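The whole structure should be built from the sequences, with the hints applied where relevant.
Protein chains in written order, with the working numbering: chain A, 69 to 537; chain B, 69 to 537; chain C, 69 to 537; chain D, 69 to 537.
When chains are identical, the list treats them as one kind, so a pair holds in a single copy or across two.
List time: in silico DSS-like cross-link candidates among lysine-lysine, alpha-carbon distance up to 27 Å: (1) Lys331 / Lys349; (2) Lys349 / Lys384; (3) Lys349 / Lys281; (4) Lys366 / Lys349; (5) Lys331 / Lys383; (6) Lys383 / Lys373; (7) Lys384 / Lys331; (8) Lys384 / Lys373; (9) Lys122 / Lys383; (10) Lys400 / Lys331; (11) Lys367 / Lys446; (12) Lys122 / Lys384; (13) Lys400 / Lys366; (14) Lys251 / Lys168; (15) Lys349 / Lys383; (16) Lys373 / Lys123; (17) Lys400 / Lys367; (18) Lys373 / Lys322; (19) Lys476 / Lys331; (20) Lys281 / Lys251; (21) Lys331 / Lys366; (22) Lys400 / Lys349; (23) Lys251 / Lys123; (24) Lys349 / Lys322; (25) Lys373 / Lys349.
Quick caveat, the hints were computed from the structure, so don't treat them as lab data. Quick caveat, the model's predicted, so the values are computed rather than measured.
Here is what each chain is made of, one letter per residue.
4 protein chains.
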Amino acid sequence: DVKKAEKCVSIESLDAVLVDLGSISNSRERAAKMFKWIIHPVPEAPFFRDTWEKKPIYVRRRNPDYYKGLFSTAEFDRILREENVQFGVNLDVTSYTNGKRETLNPPGRALPFTVWDFYESGCSLRMLNPQAFSSTVWNVLSILQEQFGSMAGANVYLTPPGTQGFAPHYDDIEAFVVQLEGKKHWRVYNPRSEEEVLPVFSSPNFDQSDIGKPILDVVLEAGDLLYFPRGFIHQGRCLPDAHSLHITISSFQKNSWGDLMQKVVTAALEIAMEEDVEFRKGLPLDYLTYMGVQNSDKKDPRREKFLSQIENLMKKLPDYAPVDAAVDQKAKDFLHDCLPPVLTPDELATSVQGAPVRWEDGRVKAMAPHITTQTQIKLLRAGCARLCSDGDAVHLYYTTDNSRVYHKEEPKSCEVQAEHTDAVEFLIHSYPSFVTVGSLPCDSTQDRIALAELLFEKGIIHTAEPLQS
Amino acid sequence: DVKKAEKCVSIESLDAVLVDLGSISNSRERAAKMFKWIIHPVPEAPFFRDTWEKKPIYVRRRNPDYYKGLFSTAEFDRILREENVQFGVNLDVTSYTNGKRETLNPPGRALPFTVWDFYESGCSLRMLNPQAFSSTVWNVLSILQEQFGSMAGANVYLTPPGTQGFAPHYDDIEAFVVQLEGKKHWRVYNPRSEEEVLPVFSSPNFDQSDIGKPILDVVLEAGDLLYFPRGFIHQGRCLPDAHSLHITISSFQKNSWGDLMQKVVTAALEIAMEEDVEFRKGLPLDYLTYMGVQNSDKKDPRREKFLSQIENLMKKLPDYAPVDAAVDQKAKDFLHDCLPPVLTPDELATSVQGAPVRWEDGRVKAMAPHITTQTQIKLLRAGCARLCSDGDAVHLYYTTDNSRVYHKEEPKSCEVQAEHTDAVEFLIHSYPSFVTVGSLPCDSTQDRIALAELLFEKGIIHTAEPLQS
Amino acid sequence: DVKKAEKCVSIESLDAVLVDLGSISNSRERAAKMFKWIIHPVPEAPFFRDTWEKKPIYVRRRNPDYYKGLFSTAEFDRILREENVQFGVNLDVTSYTNGKRETLNPPGRALPFTVWDFYESGCSLRMLNPQAFSSTVWNVLSILQEQFGSMAGANVYLTPPGTQGFAPHYDDIEAFVVQLEGKKHWRVYNPRSEEEVLPVFSSPNFDQSDIGKPILDVVLEAGDLLYFPRGFIHQGRCLPDAHSLHITISSFQKNSWGDLMQKVVTAALEIAMEEDVEFRKGLPLDYLTYMGVQNSDKKDPRREKFLSQIENLMKKLPDYAPVDAAVDQKAKDFLHDCLPPVLTPDELATSVQGAPVRWEDGRVKAMAPHITTQTQIKLLRAGCARLCSDGDAVHLYYTTDNSRVYHKEEPKSCEVQAEHTDAVEFLIHSYPSFVTVGSLPCDSTQDRIALAELLFEKGIIHTAEPLQS
Amino acid sequence: DVKKAEKCVSIESLDAVLVDLGSISNSRERAAKMFKWIIHPVPEAPFFRDTWEKKPIYVRRRNPDYYKGLFSTAEFDRILREENVQFGVNLDVTSYTNGKRETLNPPGRALPFTVWDFYESGCSLRMLNPQAFSSTVWNVLSILQEQFGSMAGANVYLTPPGTQGFAPHYDDIEAFVVQLEGKKHWRVYNPRSEEEVLPVFSSPNFDQSDIGKPILDVVLEAGDLLYFPRGFIHQGRCLPDAHSLHITISSFQKNSWGDLMQKVVTAALEIAMEEDVEFRKGLPLDYLTYMGVQNSDKKDPRREKFLSQIENLMKKLPDYAPVDAAVDQKAKDFLHDCLPPVLTPDELATSVQGAPVRWEDGRVKAMAPHITTQTQIKLLRAGCARLCSDGDAVHLYYTTDNSRVYHKEEPKSCEVQAEHTDAVEFLIHSYPSFVTVGSLPCDSTQDRIALAELLFEKGIIHTAEPLQS
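Here it is as structure tokens:
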């Protein structure tokens, strides 16, 4: 009963939610539950039907501890103290005073001594990609990315009482503003025109006079949530009596139909040129004399003919559109963007990362765990690996060797031999069930075991039980 | 009377043809005449209707002097002696013996001593882009490029008696093999498959067993012509009793509808994303779970819906296709590929290149020729400049500062101010007539003169009479 | 009483030694004590007089716990598990079997599963620069670098029983082989020739037949030490009954008189050219006709004259040698090579890294600690900062922003204004005593405080007491 | 009789001089004669003893045609018309008005129309490296470079009446100002200080108030010469009644003893480190604590000891100085800087460039000229090739494939096998005499012929008689 599960989740703290999720075997289900908890009590289906990409929504919870454990200013302080936070790379110091927006980053490492000095003098602090420093944020985002099918990112904003750190502007992402501490006065405005609905790029900073009247004017308190789609202008200002700490969770940057269409039409045209000689025929010798902007006002029957031929060819393009291959191009980008999964203790114990091989008493213990045909295996996450066709070869792209730092690692993939593709596809489609190595559709037992060992070593699969040596 | 003109041209030598062309005021007409002379007595219209891009044609003239003056082995020798010809850059030494194709370029400059030694030992010589060294070839190609609306290139091939320099292969260009000296046995074969008709890329070297039976098997003698479209496999071998010198004039590389379509669809999609919110809407959250190669065999109603949406968007694309702007993108590439025009003495005397400003008797004579409103001006060539829209700004691209060496110069253009675009367009469309500077549709006399001076200084226009100071 | 202190140190464990060192206020003294502990019971003065750079020495301790805590295979295992260890970057897998040396690194991250599999199959493991992963190794090396005045590095070697991981070879560094676990049979050989005494570069791998007879043939057991200078060939092999873990601490790479001389003569010549016109005079017009290798056998009086002039100029060079400036060039390189200091809790509490500024209860506590003229300050380490003259300007180079990873950070420096150089020099020479800010030889109180704040923020100094706000 | 020859040369025009030089077999003699003609009637020996690098000299000839044929404004005009002269690369437009120096280059090609417009408006024109466009300048400089043993360069300056194009300044080269047309008022000033005598770098532009009083104040007329050493400040201004055209021939840029010393000391130190263990010994552990700028005021006996050791090592350096090898390093740079030789018709007919191999009547004539043991050979120029030792291998560097455009070609060399070095040295030292191929000290006739063929093909040697096939 979904309703019940939802309710069950909703009253839990983040810690409890995370424990609960551990008992769900399907990472996509986990992602959905996590997302429900974030937008609770707004139900998911209506949210995606009526609100998502359409309008802002404000969730008032009157429960300041709802998001507790996700991030805190104490954690912010610890990170400054213990991690190598660099101004301009991991942390921005900003101010917005008398309509003027400034960035005040000095060079070098951001130590608490300097950072808190900026804060005390009224500057806002934006920590970029806190998932690189906070394991909890990493965990939450790595779960959510499977809900969105698109990279989930985050920034943390700490603002002193009575100040504002940013000018009004809109972003190119869907934004979930999660209030963690204190409170903040938010104003949200409609996109200024049709062209700025769901925009492709973020806006510059606006003047107050550019943006009209807010359609939402609320004070977010700890535990509250504010969502607004890309293109909605927004600004947040601290009340005189309280600081504000919030984390903005974002997704759907460059994840539109048009973004996919770029891959589709490029690939479609390439195939059309290979398969259809009409695309390979030469242009008319004289087309430059009647086409082009300098000839666009000419009445010339050749123009009609030329335009009609272009239209004919464009109409043929859908016949050649390799939609699945284009989706794979997009998927490959997504897998590179993904955070690597955070493993539960059980997952750790049954995967290469925690394989029971260790040094004890002067020698290696439990060496070379045996994968046999009876070993039960499963992908570590529904979306941690994907078969993609690259022209002639088939590659398996995977997220498990990605870094917590965005694109610090190159895209990871390995070629999958023709005799292994069915088995990999079988494994992917069997998720979330475990399958025995012996059931993989390969030609020989040797092949089955070799494939399973490869996937195990890459950290893509784990086993039902810790391996025995 | 075109027929008569044609006949008139056909019996002329190249020198006479070039003189004749000098009296034609329209460079496009000149280009057409030059082309007719090359394919004479094949008439132009049927050629382009029945032969061009369709099949090879062999023109036997029994007039060894027909192409005299275009290029010769004596010129080849002179170039080696006087110009800095580099192996691998301007000259290739090749052989094809017992089915094995080799390139034998040593490093450094190609001096006659070494080159003729290779030749005597049975190697073929290919001079690349002889237009950089031969003014006649430069002149002919620069005229022809206006006939093709696409870059006209050339290579020269010198082959010792009884040898062959290249393996059978096909190219990615339309080829006119112009036999200049000696003779050569040519065999031409059909494309091997539908996919290799009008191919996008040249082929590798073929074995004799790959290519079937020739559809054309002829001996080209001096004065003869052989044309074959891209994709037709060919090989030429010298008879034991004679060397062969030919020049291959080529065009239509990457000049297909598909090549233009790449610019059209890229631009169309960009505009669609700006103008149509459907393109900016986000992809379904879960599309990666049912789309992509690994899901292509799945029966899933969501796949149908997704594919149908892609199709809808593709169908909308033609509405946004900025065909003229895309043609301009292609035209800009062409203008960069173009050879600069070779000026006649009259043109020289009336353009910046030969402007009557010179140093005489210790001082500058005839300084600062005055362009007045009465000055009559005209583009130097129909295609030597073109107005292209680059997003917001309008630029005039031009060929007159290009180099005889391919792409040695960057693309040349200058921005055209909004108040000058009508005048530039007027000038372009007035070609081949002269117009007075005073008739340019500008706001003021000052503007008219400033524009004319700019175009004159860039070498884009010339005047009806030499300028007076 | 040095003897007593030595004895005191010698019986202590590493942990106790480190605690003891914490009570020594001078980092150079700490470095000396640490070094004495490492070579104990060999006394320092005779070591540097008779052994250092001269011959190997073997210290047998019969105390397997002597170096305990420095590093262990358990730590090795932990690092593989918890840190991002990359094959080829942080870890090498090697073997030396039947005289053949191989490196067997796969691509990607080195997880225990794979690493221990290599080990079990007889491969040796070399962890490069363990200081990046082990805080203890970092601490020990950062202390020792002040003893050597040259970078202190380390590698860890783990070898399975009965195997050898490396061919005989010599290195370009002074090596201290510290046996941590198990035992290893070592053979050390004299340099093969005068030219290979104290060599500039490491050797290739040798065959057993190249290296003659060992001059030292011992079995190192846990707690033992082996030192040998650069140029001494060595090989270590595990006995069949025990694995071996050792750490090799190294120093004095490119730290010879000749390395300094390169900086001296380059700078000397530059100054000579500025100051002495003899160096700026032109060469003889005809010198190329009698000098150079092709003329070296000629009897020509001009050769004598030319050579004598060169000799004269060389003899003048010492007059222009800016030795101190050249030493600073070398020092700058060393400061860039240095590990950043590991701070004691007291140092942390009194420096910018642990400045009592933190977030508590929703606000910043103990903000903006005040540096006053009474504040007592001191460099964090004798060698953590150095004034160097760069032509006209004076810069302060410092190590405190370096990374544990070699050269991950650019060299760090800040320009010191002319009015501050005396004060910085005073501070440096006052080490290890604290001085009050008020005693800095600056022009004004404002200057004194500004300078102290700058040095405090860069992490170069700490205060006698934690700062009060 | 040198006097006579000198006189003979002196009354000749440039054309006659060049013809005369053609009859001199030794290119170094030719260079000396050419130089004498330039400075005539100043005798060479006193010039180099008293004037060269010491003071300016003014030669008044009252013969406006003396340098006729070297360059002219008509040639300037022709070059603009026929060659691809680019502003900023080959031509600078400058002005110096009211104490302000400006460079006014537009982008792109410098056509006469634009250039003469600048000139008429009072701008000076500087053509850089006219040897790329003028064969006569190329010829003269390529001859002179053998006189200087250092690159000979040139710039041409054309100045309108009554104007000045450059601010007062000094250069880093020896300058010979050769007045070709019109006249110019020159003022030359002493170097401002000892440090600016024979300076290493050119000066910035000076104010009139910086430079004191001229030591030379003359009006140069056509046929006159002005020489001044590097470091002498100079300015030239046209009189109101005449334009000025002069060419400045320059040499001895970076050709001082100090420039050679850089190569000597670097190489000496390298050898010292290989051969002398004192250079390889480590620095004192504690040297950074008493050496360096921050310790330079310390009284410390260790400082004395350290400085004395540096001095000892510096005193040893001359023992290791490989002067001939260092000269070869300098020579290699010079050979790369050299202009390729301009061949006389006789030289052309007897070298690879004019080898009697050509295409005639449909076939290669006089193919493969035979070099036999009787063939007499000789270097084309004394300095066109040089044997240089590069560590283990010996290379022959040569100038004959250099370009007229500075450093357009990479340095050219070929390795000389050990069995050929004696023969190449023999050939070089035999210059200017011809030697037979049979007399080359090689092991076999085959070797002798192979070597001669190689040198012939590289254009390094020519033969006494045109080769016969």
